[in-house]
Amino acid sequence: NAGVTQTPKFRILKIGQSMTLQCTQDMNHNYMYWYRQDPGMGLKLIYYSVGAGITDKGEVPNGYNVSRSTTEDFPLRLELAAPSQTSVYFCASGNRQTEAFFGQGTRLTVV
Amino acid sequence: GDSVTQMEGPVTLSEEAFLTINCTYTATGYPSLFWYVQYPGEGLQLLLKATKADDKGSNKGFEATYRKETTSFHLEKGSVQVSDSAVYFCAQERGRRALTFGSGTRLQVQP
Numbered sequence: 001n002a003g004v005t006q007t008p009k010f011r012i013l014k015i016g017q018s019m020t021l022q023c024t025q026d027m028n029h030n031y032m033y034w035y036r037q038d039p040g041m042g043l044k045l046i047y048y049s050v051g052a053g054i055t056d057k058g059e060v061p062n063g064y065n066v067s068r069s070t071t072e073d074f075p076l077r078l079e080l081a082a083p084s085q086t087s088v089y090f091c092a093s094g095n096r097q098t099e100a101f102f103g104q105g106t107r108l109t110v111v
Numbered sequence: 001g002d003s004v005t006q007m008e009g010p011v012t013l014s015e016e017a018f019l020t021i022n023c024t025y026t027a028t029g030y031p032s033l034f035w036y037v038q039y040p041g042e043g044l045q046l047l048l049k050a051t052k053a054d055d056k057g058s059n060k061g062f063e064a065t066y067r068k069e070t071t072s073f074h075l076e077k078g079s080v081q082v083s084d085s086a087v088y089f090c091a092q093e094r095g096r097r098a099l100t101f102g103s104g105t106r107l108q109v110q111p
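Heads up: the sequence lines are chains A and B, in that order.
Mapping to our numbering: the first sequence position 106 is 106, numbers consecutive.
Mapping to our numbering: the second sequence position 19 is 19, numbers consecutive.
Rather than coming from a laboratory, the hints here were simulated on the basis of the structure.
Where a beta carbon is used, it is the ideal one built from N, C-alpha and C, also for glycine.
No false leads were slipped in.
Label-pair distances were calculated between CB atoms; the ranges are:
#1 Thr109(A) to Glu76(B): 33 to 39 Å
#2 Thr51(B) to Val60(A): 25 to 31 Å
#3 Asn28(A) to Pro40(B): 27 to 33 Å
#4 Arg106(B) to Ile12(A): 24 to 30 Å
#5 Tyr30(B) to Gly51(A): 22 to 28 Å
#6 Ala82(A) to Gly95(B): 28 to 34 Å
#7 Lys14(A) to Glu8(B): 30 to 36 Å
#8 Gly51(A) to Gln110(B): 42 to 48 Å
#9 Gly1(B) to Ser18(A): 29 to 35 Å
#10 Gly16(A) to Gly29(B): 42 to 48 Å
#11 Thr109(A) to Arg96(B): 26 to 32 Å
#12 Gly3(A) to Thr5(B): 28 to 34 Å
#13 Ala27(B) to Thr109(A): 33 to 39 Å
#14 Ala2(A) to Gly95(B): 25 to 31 Å
Can you build the whole structure from these sequences, using the hints too?
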């Protein structure tokens with residue numbers, strides 16, 4: 001039972017580079033989310049999706065893009081990495097009957 | 001906007017001591033409330049939840065009661081163990097299972 005799987009676990013980017021954080025879930029959840037966790041802070045919602053083909057902005061969407069072409073996958077794209085995007089990123093999934101389940105996180109450093 | 005405020009840490013206790021971590025929320029209506037726990041190097045795990053006023057969530061000896069009159073959801077445990085050392089997050093649902101988190105409280109339990 002894999003649950004929510006995020007890759008990579010760690011990544012160092014140079015300023016201006018781009019990358020995609022991958023997230024996949026095998027629980028057939030309609031809802032998926034991306035959060036970021038800055039040191040000593042709670043998680044902030046970046047983007048979320050309530051189903052394939054539907055995405056919405058959360059609290060802190062600037063500098064990120066998402067897509068949801070399948071129920072299982074919800075990748076997060078950083079186009080021009082900035083030091084302010086250094087954070088730990090968590091993907092989560094859920095539905096109307098259950099709470100959110102979280103992945104293990106991706107630690108991203110932008111230098 | 002909606003927000004969650006929880007007591008700052010770290011909280012340092014001796015084993016078998018009583019634990020209280022305060023949490024208050026601001027939201028219109030009656031959001032579901034949650035406590036999540038994050039062990040070192042891991043993602044967030046749901047600890048307990050309550051979906052309406054006066055509900056008590058409980059799990060692994062932890063309890064929290066949804067108090068509408070004081071807009072609070074304080075976490076308690078009668079006797080903590082070293083294995084309870086972690087960061088605890090209070091959260092409220094903002095719709096579609098997306099969450100607004102508090103800043104987290106680190107608990108350190110000493111033998």
